[in-house]
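Asker: The whole structure should be built from the sequences, with the hints applied where relevant.
Protein chains: 2
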Amino acid sequence: MPRYAKVTKTIVNQLGTIVGTENVIWGQAIPEQYAYDAGTRKEGLSYPEVLVFPGNRQDVAEILKIANNLLIPVTPRGGGTGLAGGAVPLNGGIVLDLRRMNRIVHIDPAARYMVVEPAVRTMDIQQVAHQHGLLYAGDPCSSDECVIAGNIATNAGGNKAIKYGVTGDQVYELEVVTPQGEIVTLGGRLKKNSTGYGLVRLIAGSEGTLGIITQVTIKLQKLAPLLPNFLAVFPNLAAAISLVGDLLADTVIDPISIELIDRQTVLDLERYQQQKIFVDAIGDCLIIQLEAYTQAEVQKKWIKLQEICHIRGCLAVAEIEGEKIWPARRAWGKAIEVDHPVGVSEDIVVPVDQIEAFVSQLKTLTRAFQFQFRIAGHAGDGNMHIRIIPGEVSALEWPNEVNKFREKLYSATYDLGGRLSGEHGIGLKRKAILRGIIDPVELALMQAIKKAFDPNHILNPGKIFDMMSPATNNADTVILP
Amino acid sequence: MPRYAKVTKTIVNQLGTIVGTENVIWGQAIPEQYAYDAGTRKEGLSYPEVLVFPGNRQDVAEILKIANNLLIPVTPRGGGTGLAGGAVPLNGGIVLDLRRMNRIVHIDPAARYMVVEPAVRTMDIQQVAHQHGLLYAGDPCSSDECVIAGNIATNAGGNKAIKYGVTGDQVYELEVVTPQGEIVTLGGRLKKNSTGYGLVRLIAGSEGTLGIITQVTIKLQKLAPLLPNFLAVFPNLAAAISLVGDLLADTVIDPISIELIDRQTVLDLERYQQQKIFVDAIGDCLIIQLEAYTQAEVQKKWIKLQEICHIRGCLAVAEIEGEKIWPARRAWGKAIEVDHPVGVSEDIVVPVDQIEAFVSQLKTLTRAFQFQFRIAGHAGDGNMHIRIIPGEVSALEWPNEVNKFREKLYSATYDLGGRLSGEHGIGLKRKAILRGIIDPVELALMQAIKKAFDPNHILNPGKIFDMMSPATNNADTVILP
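As they're listed, the protein sequences go chains W and L.
The first sequence begins at 1 in full-length UniProt numbering and counts up one residue at a time.
The second sequence begins at 1 in full-length UniProt numbering and counts up one residue at a time.
It should be emphasised that the hints constitute simulated quantities derived from the structure, not laboratory data.
Worth double-checking, as some hints may not be accurate.
Note that the list lumps identical chains together, so a pair holds whenever it fits in one copy or between two copies.
Unchecked claim - Simulated crosslink set (PhoX-like; lysine-lysine; CA at most 20 Å straight-line):
1) Lys65 to Lys404
2) Lys222 to Lys304
3) Lys222 to Lys163
This structure is a prediction, so every number in the text was calculated from the model and none was measured.
Answerer: If you want it as structure tokens, here you go:
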């Protein structure tokens, strides 16, 4: 493994020749925001040496050829909304900010697909699809800021995964630039394909470590004209969770979203948004979104929903008019952080039938450590976003205690068949944890793939895993705490 | 790249120690069926040196350790129903027949999943799921003979892909033995997972070249109580195909299968099955299967189906009672071969909105070459099973002419955004074609992954692609025509 080269004035000039000097920022002029992402600001800054804004696939290819020849690390960056440090340039080098590549290239409503450049904002894709009477089903909570290539890089989930799957399921075709600067199109606009290895699904979720996405062909779905939202309030989390399995098994209701929000988070959110969002009854809540083509269908589903809610001891269930519930849902992370700036956030995923067991373990553990927790999970797919906050524990004890706590929490998660990340990715933040808990054979397979794609290890090094033992003084070990 | 070692008596004894001597067959005693699969018998025989029947994952692991140390090729075999030569031991060596590993390990109807060993027959999985009121959605036409690990290895599609996706979409978790003999569990029983690379989807469709599947956790779906089948007869293929887009866009009908069968194949099938299967009107047909929970829902869908059929100039549309249409659909390949033993079969997939353009090109080309064709495609997902038959062309001219024809057909397919294989895989039969048509960068990525997993190239060598230039005298170039 070579050490990386430094970015010199000569290299900066070369980059300027490719993209235009106005699209290169070097050294001290680089804005601070490029030294962190939405999940790592508090954990330290790691600046790139040079920031480049490529305008097209050829720009990306030429930049990567230079970087690969000279051994300069390259970190791709989309919306900067990642929560695991995936876009943080751990080893300096080049940050490729893809924001200029933000065109919607083509939409075919009849064949239900859209071709977009990597930095199209996810909400814009959703809105353009809507304008054509169609649904783009990828729906991460950061949709107003994140971009499609970032969603693919983390295989983002979001609010509609229970019916439509995750971002990887929405992708027909990817144009990717390899670390060697070759432009290749993977996959196809096909419902099935057994023509060699399925490389699209390997790139999805690889967090920018295998190639730079320069164009995407995404699937669009039929859009139901009615998407009513309901709120069901329960006296405790266990009762709320018990409804999830019922909802998923029911053949009438067929929900597209089931979101769990605990009682305290409801109050935090309303305070943060400075408005009444939820219903008068206070408790642990499920937000349930349904699809329907007629009002009669909504009515039928609503009757069935009330039935099963009441069997599970629901305190209140009501339709929430309009769309105000979703901005509130999306703001959850921010609302909690305002009230609890000290804390750690998790993205754990467990089998849906193990959510109750997971929350039970979470309660036991937080009680034992005298912590508190907040929960706002994609309950329909088992993805539990939780924030652990110090509660009674002093600032002095917190860092050490929370590490001990997390070790126990992850161990419990794996015992239930869960994993560290449902949709945010491993990035920088969770790689040390992953190394401790993953089957070494699985890790070795991932590392072998990385080496096969990127033998010089220039592309987003130090993400998901390191390529060498952390004991050696290599260039890509963790630098953030 | 080393040449492979020969299987000696000593090695056979070692294998016997692992699996029991009764589970090893050596040399001349190996039945002929192991020298071909369902798609390659006519194209030549290629025997293994030794045939081994492992009983469990440890057996597989120990066998692979020996093979990897001694450089003996290993070809896994499931039901032997593959159509691309994937299970043919091109370089001799060991065939691992997994038939002893055929237990259903566990079914959890509430959580809707099943854990099975690799050689459980697909139809048995379907039936056990049915007995628990659930659906296993993988449904290849060979379901009465093929096994689940083979379905995963080719990422088999089948009759329900339009609603439920292909086999890879049905898999939660895979236990795999690596070429080095390590046992690893990939994936998880999770609706989403961003914890490192998505290796399950890489193994699916890799045709036994990256690892041996020893256990599978598959998803089960809610089973609709009513699954009515309809037949719509059209005056020509174009009219039949024009209905496909309507059916997929319709929000009431929501079909689970749309199968296209041409007029001549209908007659061939009825002659082969020696019974009236279709309706009295003769023409190019669509078989349409729907799901419903009530008779009222069936009625509503049926009314809508008739409406859109008649707009498209349908000659007749009728419900086909019971399940007799599906055994007929599954027998298509055999029925055609009885009447037309000389011919070539294709597994081309195109975007669904390009089926009409594809069939139009197919007609033009067959006319130009004076060939005929039969078609029975999974029209709902663009996967066109066609058989090209000599028609007026003499036996002498046929081999040369059909090669010229195929080159033009594949070129037209790729121009439409299609690919060589929708569900059968590349195996041995299509690798030379693939090499000529694939983007070399994509091929190089696949080869790099293969090398990363299997540096000694012992696992199913010579499938999908070769690892060296065909000009060199390497051990794994094409031996079949």
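Asker: Taking the hints in turn, state whether each one holds.
Answerer: Structure-based check of all given hints:
no.: 1; hint: Lys65 to Lys404; verdict: neither (44 Å within a copy, 39 Å between copies)
no.: 2; hint: Lys222 to Lys304; verdict: between (24 Å within a copy, 17 Å between copies)
no.: 3; hint: Lys222 to Lys163; verdict: both (13 Å within a copy, 13 Å between copies)
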